[in-house]
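Trainee: Each chain, written out:
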Amino acid sequence: MNDPLAGPGLLGRGDDSPGQGQLVQDLRLASLEDEIVVDRATAGDREAFGELYDRCVRRVFRHVLYMVNDVDLAEDLTEQTFLRALEAIHRYERRGVPFLAWLLRIVRNLYLNDQRVQRNNSSIRKNWDGGIVVSPESYCEAKLDGEEVWRAVRALDGDQRQVIVLRFMDGLSYADVARVLGKSVGAVRVAQYRALRALRRRLEDSDLGRYYLSSS
Amino acid sequence: MADIISALADCLEVLEEGGDELEARLRKHERYRQELVALLGIVKELKVMGQDEELSPSDEFLKDLKARLLRELPTTPQRGGDGE
Chain A
1 MNDPLAGPGL LGRGDDSPGQ GQLVQDLRLA SLEDEIVVDR ATAGDREAFG
51 ELYDRCVRRV FRHVLYMVND VDLAEDLTEQ TFLRALEAIH RYERRGVPFL
101 AWLLRIVRNL YLNDQRVQRN NSSIRKNWDG GIVVSPESYC EAKLDGEEVW
151 RAVRALDGDQ RQVIVLRFMD GLSYADVARV LGKSVGAVRV AQYRALRALR
201 RRLEDSDLGR YYLSSS
Chain B
1 MADIISALAD CLEVLEEGGD ELEARLRKHE RYRQELVALL GIVKELKVMG
51 QDEELSPSDE FLKDLKARLL RELPTTPQRG GDGE
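Protein chains in written order, with this note's numbering: chain A, 1 to 216; chain B, 1 to 84.
Treat the hints with caution; some may be incorrect.
Said to hold, decoys possible - Capping the alpha-carbon separation at 20 Å, the derived lysine to any residue pairs in SDA-like fashion look like this:
#1 Lys-66/B to Asp-205/A
#2 Lys-66/B to Asp-45/A
#3 Lys-66/B to Leu-86/A
#4 Lys-66/B to Glu-51/A
#5 Lys-28/B to Asp-54/A
#6 Lys-63/B to Asp-39/A
#7 Lys-66/B to Arg-151/A
#8 Lys-66/B to Asp-39/A
To be verified - So, partial list: chain B residues that the calculated Cβ filter (under 10 Å) puts toward chain A:
#9 Leu-40
#10 Leu-69
#11 Leu-73
It should be emphasised that the hints constitute simulated quantities derived from the structure, not laboratory data. What you are looking at is a predicted structure, and each value in this text was computed from that prediction instead of being measured. Each residue gets a CB set at the ideal place from its N, CA and C atoms; glycine is no exception.
Turn these sequences into a full structure, and let the hints steer you where they fit.
Mentor: Given below as structure tokens:
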């Protein structure tokens, strides 16, 4: 059967990547394993905490980088996230969410705090929403399609960007995104649609997007 | 708008399971087909970006942070917040 999403470049890439369902399933399995490891870490087992750190740190960093678009700030927030996690880890088991989702909830709180501080500060953080010093797409190897899409993601407002990153880049389920954002599953679905629609509009405004999206 | 939101969630569910039945699911929502295909195409691209393993902090950062965390790991449970 023809792939309805098959098309040039943007729509045709990623066929060899694991499905999002697999990703969600992996998260669930990881969640069960995490609970055992968290129990050990809570009891002061250094090796266990190190294991949790190794499993999650790159994904936390990537999530933060997608949100803030600044490598130094992403490292800073990643560090703060794990330090907070260290303080609060004994509370994790009662949340009933994947450890990664719990960490991303901490990220969200730190991110919102940081934005509040910025708003109260007259000085604007260099390269926060303006020109990029190092963007996710150029941090590794620039990909034309990814760059175009990333530019559109970056232009979304904070909440919409977070829904997109949590759902499709981090691979979280609706329920876990809802927990991270403190919203209902229904609200997440609405936000997901609005964010994707906003992305589509932005991509349609670009030459590349017009080419890809008109092929549908 | 509720219809398209449900249709999108419906199609995403199929896409997340591998996308084999996507065409059939799109036929179910023929009225929104064009928009759904465009939105699902964007989702596919986002997923590719999200799985970019090369997007990683420096080894030095990872090593230093891990060492710091292990140094500060409490031997007994402590009170703490989750950033709120």
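Trainee: Indicate, hint by hint, whether the structure satisfies it.
Mentor: Checked hints:
1. Lys-66/B to Asp-205/A: Distance of about 44 Å is beyond 20 Å: violated.
2. Lys-66/B to Asp-45/A: Answer holds: Lys-66/B to Asp-45/A is near 14 Å, not above 20 Å.
3. Lys-66/B to Leu-86/A: holds, 11 Å
4. Lys-66/B to Glu-51/A: holds, 10 Å
5. Lys-28/B to Asp-54/A: violated, 43 Å
6. Lys-63/B to Asp-39/A: violated, 23 Å
7. Lys-66/B to Arg-151/A: Not satisfied, since the Cα-Cα distance of roughly 32 Å exceeds 20 Å.
8. Lys-66/B to Asp-39/A: Holds: Lys-66/B and Asp-39/A sit about 19 Å apart, inside 20 Å.
9. Leu-40: holds, 6 Å
10. Leu-69: Interface hint status for Leu-69/B: holds (6 Å vs cutoff 10 Å).
11. Leu-73: Holds, about 5 Å.
Hint compliance for this structure: hints 1, 5, 6 and 7 are not met, and every other hint is.
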